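**Student:** Sequence:
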Amino acid sequence: MVGDSARRIPGAIRPRRRPPGERWSDGPGGAMKVMLVMRSDGSYAGGDTPEDYAAWADYDASLKADGVLVDSGRFADASGDVSVETDLTAARREGGTPAPSRAEERSALVGYYLLDCPTRDDAVRYARRAPLYGSVEVHEQAQY
Numbered sequence: 000m001v002g003d004s005a006r007r008i009p010g011a012i013r014p015r016r017r018p019p020g021e022r023w024s025d026g027p028g029g030a031m032k033v034m035l036v037m038r039s040d041g042s043y044a045g046g047d048t049p050e051d052y053a054a055w056a057d058y059d060a061s062l063k064a065d066g067v068l069v070d071s072g073r074f075a076d077a078s079g080d081v082s083v084e085t086d087l088t089a090a091r092r093e094g095g096t097p098a099p100s101r102a103e104e105r106s107a108l109v110g111y112y113l114l115d116c117p118t119r120d121d122a123v124r125y126a127r128r129a130p131l132y133g134s135v136e137v138h139e140q141a142q143y
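Each residue of the sequence shown is one higher than the one before, starting from 0 at the first, in numbering that gives the first Met the number 0.
A few of these clues could be false.
To be verified - FRET-style restraints, in silico, Cβ to Cβ:
no. : residue 1 : residue 2 : range
1   : 134       : 81        : 33 to 39 Å
2   : 137       : 41        : 17 to 23 Å
3   : 106       : 85        : 22 to 28 Å
4   : 120       : 60        : 18 to 24 Å
5   : 43        : 86        : 35 to 41 Å
6   : 82        : 48        : 29 to 35 Å
7   : 91        : 124       : 23 to 29 Å
8   : 141       : 120       : 17 to 23 Å
9   : 74        : 128       : 19 to 25 Å
10  : 88        : 127       : 33 to 39 Å
11  : 50        : 88        : 40 to 46 Å
What the hints contain is simulated information worked out from the structure, not anything from laboratory work. All values reported here derive from a predicted model rather than from experimental measurement. Glycine included, C-beta positions come from ideal geometry on N, C-alpha and C.
My request is simple: use the sequences and hints to build the entire structure.
**Tutor:** Structure representation (structure tokens):
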């Protein structure tokens, strides 16, 4: 939990928790940064067709036209990804040093978008419009 770890780690910064429904108001034009984390469910074998590229280009263009796009990126194939336990977590356990392991088999993390959105509802609307077979997680950036 953020609060517990912030009390124990010297110099840790505690993010401000925003009440549900409160308007995001710290970014340009009253917006707050939000990250859309894209996960593919693996149900679509395509992805390299001109139509697929056009759908993503249209999505990117709409985000730019709306003035909400800050950054975006695509991740490489997940086959070489590892999940690493932090030293702090390992120190809490008996037995010592963590070992890297393969990332959990689940929906593949394929990319992200960083947006400036006025409200959570706007961020969710942009997430739903993504031309992706899978899911999009919507994460508000913490305020410090």
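**Student:** At the C-beta level, are residue 43 and residue 86 separated by a distance inside 35 to 41 Å?
**Tutor:** The hint (35 to 41 Å, Cβ to Cβ) holds, given that residue 43 and residue 86 are roughly 38 Å apart.
**Student:** Cβ-Cβ distance between residue 137 and residue 41: within 17 to 23 Å?
**Tutor:** The hinted range 17 to 23 Å holds for residue 137 and residue 41, with Cβ atoms some 21 Å apart.
**Student:** Between residue 82 and residue 48, is the Cβ distance one that fits in 29 to 35 Å?
**Tutor:** holds, 32 Å
**Student:** Given a hint of 18 to 24 Å, does the C-beta separation of residue 120 and residue 60 actually sit inside it?
**Tutor:** holds, 22 Å
**Student:** Range first: 40 to 46 Å. Now tell me if the beta carbons of residue 50 and residue 88 are that far apart.
**Tutor:** At 44 Å between Cβs, range holds.
**Student:** Per the hint of 17 to 23 Å, is the separation of the Cβ atoms of residue 141 and residue 120 within bounds?
**Tutor:** holds, 19 Å
**Student:** Quick one: are residue 106 and residue 85 within 22 to 28 Å, going by C-beta?
**Tutor:** holds, 23 Å
**Student:** Lying within 33 to 39 Å: is that true of the beta-carbon distance residue 134 to residue 81?
**Tutor:** violated, 22 Å
**Student:** Taking 23 to 29 Å as the stated bounds, is the beta-carbon spacing between residue 91 and residue 124 within them?
**Tutor:** violated, 40 Å
**Student:** Could you say whether the range 19 to 25 Å given as a hint is met by the Cβ separation of residue 74 and residue 128?
**Tutor:** holds, 20 Å
**Student:** Starting from the range 33 to 39 Å, see whether the pair residue 88 and residue 127 falls in it by beta-carbon distance.
**Tutor:** holds, 34 Å
Violated hints, listed in ascending order, are 1 and 7; each of the other numbered hints is respected by the structure.
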